[in-house]
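Student: All chains, please: the whole structure from these sequences, using the hints.
Residue-level listing of the chains:
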Amino acid sequence: MILTEKLTLLSEGNFHTINITEKVRSVVKRSGVQEGNALVFYLHTTGAVLLVEHEAGMLVDLEDVVERIVPSEGDYKHHLRGYDANGFAHIRTALLNVSVTVPVLEGDLLLGDYQEILLIDFDKEGKPRNVIVQVMGE
Amino acid sequence: MPRIGHFVFWTGGVLLPRISDLSLKILCEGDSPMETILELNRLESALASGKISPDEYCRKAIEISRVGIRREELCARIESAPQVEPGMLDLLEELCGNYDLKLVSDYPREWLIPILRRTGFRRWFVADNMFFLAEHSHVLEGERLFPELMAAAVLFPGKSLWVDYISSRTSSAIRRGIDAAIFVDARRLRRDLSLWGLVV
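Residue numbers (the numbering used here), protein chains in the order written: chain A, 7 to 144; chain B, 65 to 264.
Think of the hints as simulated: they come from the structure by calculation, not from any bench. Some hints here could point you the wrong way.
Stated by the list, open to error - DSBU-like cross-link-like pairs, simulated, lysine-lysine; straight-line CA separation at most 30 Å:
no.	chain 1	residue 1	chain 2	residue 2
1	A	K35	A	K12
2	B	K115	A	K133
3	A	K130	B	K124
4	B	K89	A	K35
All figures in this text were calculated on a predicted structure; none of them were measured in a lab.
Tutor: Okay, structure coming up:
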């Protein structure tokens with residue numbers, strides 16, 4: 007059995023974080039899969055999908071670390087095209103994950119006690135963001 | 065460990081549903097077009113900051129959705145619809161014994177007060193502990209929210225815990241020395257608060 011659904015979520019950009027754990031869980035339940043995997047795949051090049059504890063202080067730490075490694079202001083050659091100025095967002099995405107795969111057991115996501123599925127949008131502008139959830143198994 | 069003396073809750077999306085989500089449920093059947101959702105979110109912000117009245121919100125929401133109901137009916141249905149986020153009544157009952165509870169409201173006063181009474185929240189949030197954003201229309205602009213809330217003695221660094229569903233606001237709070245917790249649902253909030261040592 008394979009079920010593929012697209013989630014469309016509104017983001018405000020600028021490190022906007024969306025907890026999609028329950029939305030993914032709903033897709034798993036709709037699939038009827040009892041044992042298998044759920045793939046969560048972000049359909050953009052300027053954000054990430056992470057399995058982390060969704061804690062307010064951690065998000066500040068993550069933002070600070072990401073900003074130190076890939077500053078939002080910089081001489082990014084991506085900007086030479088003149089099309090957009092979000093070079094930092096692309097590099098952050100390249101260094102992090104655009105997808106996670108979560109085991110499914112007994113019809114539910116098999117997550118650790120503190121694991122949540124978060125989307126983080128690095129782009130400067132808020133806009134709708136698309137995520138594919140594909141559940142496979144039996 | 066912080067010496068938390070009181071909690072400050074954002075209203076729509078934490079204590080009660082977001083007004084835009086309520087409106088979508090009333091006005092749209094099935095999946096809503098993204099453009100409708102975006103427009104209703106913009107209206108919600110305008111209502112929260114006092115740029116439009118509840119009546120204007122309802123009129124414009126009806127125009128956006130092109131549903132044939134009267135403005136008065138939509139207003140009445142929004143006012144009567146909100147149910148408390150599941151699990152929050154029990155959590156607030158537990159918190160009020162040891163902490164002061166305050167709220168920052170993106171609902172207008174004329175909607176929130178009857179809703180608080182009907183849902184049972186009223187007994188925990190006294191008049192002095194409610195801050196209505198619409199009555200301070202400039203507060204939602206830019207970075208002014210937390211400085212204004214501190215100036216208005218709603219928030220105190222080191223003593224307040226800000227509870228919100230929007231991570232950019234919790235991050236802003238933390239960067240200003242105000243402890244914060246992200247709200248996803250009451251179960252997760254309770255777990256977070258227990259890790260802080262604030263509930264058992």
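Student: Would you mind marking each hint as holding or not holding in the structure?
Tutor: Against the structure, the hints:
For the given pair, K35/A sits about 15 Å from K12/A by alpha-carbon distance, which is consistent with the 30 Å threshold. Between the alpha carbons of K115/B and K133/A the distance comes to roughly 23 Å, so the proposed pair stays at or under 30 Å and holds. A distance of roughly 28 Å separates the Cα atoms of K130/A and K124/B; the hinted pair therefore holds under the 30 Å criterion. Annotation: proposed proximity of K89/B to K35/A holds, straight-line Cα distance about 23 Å (limit 30 Å).
When each numbered hint is compared with the structure, no violation occurs for any of them.
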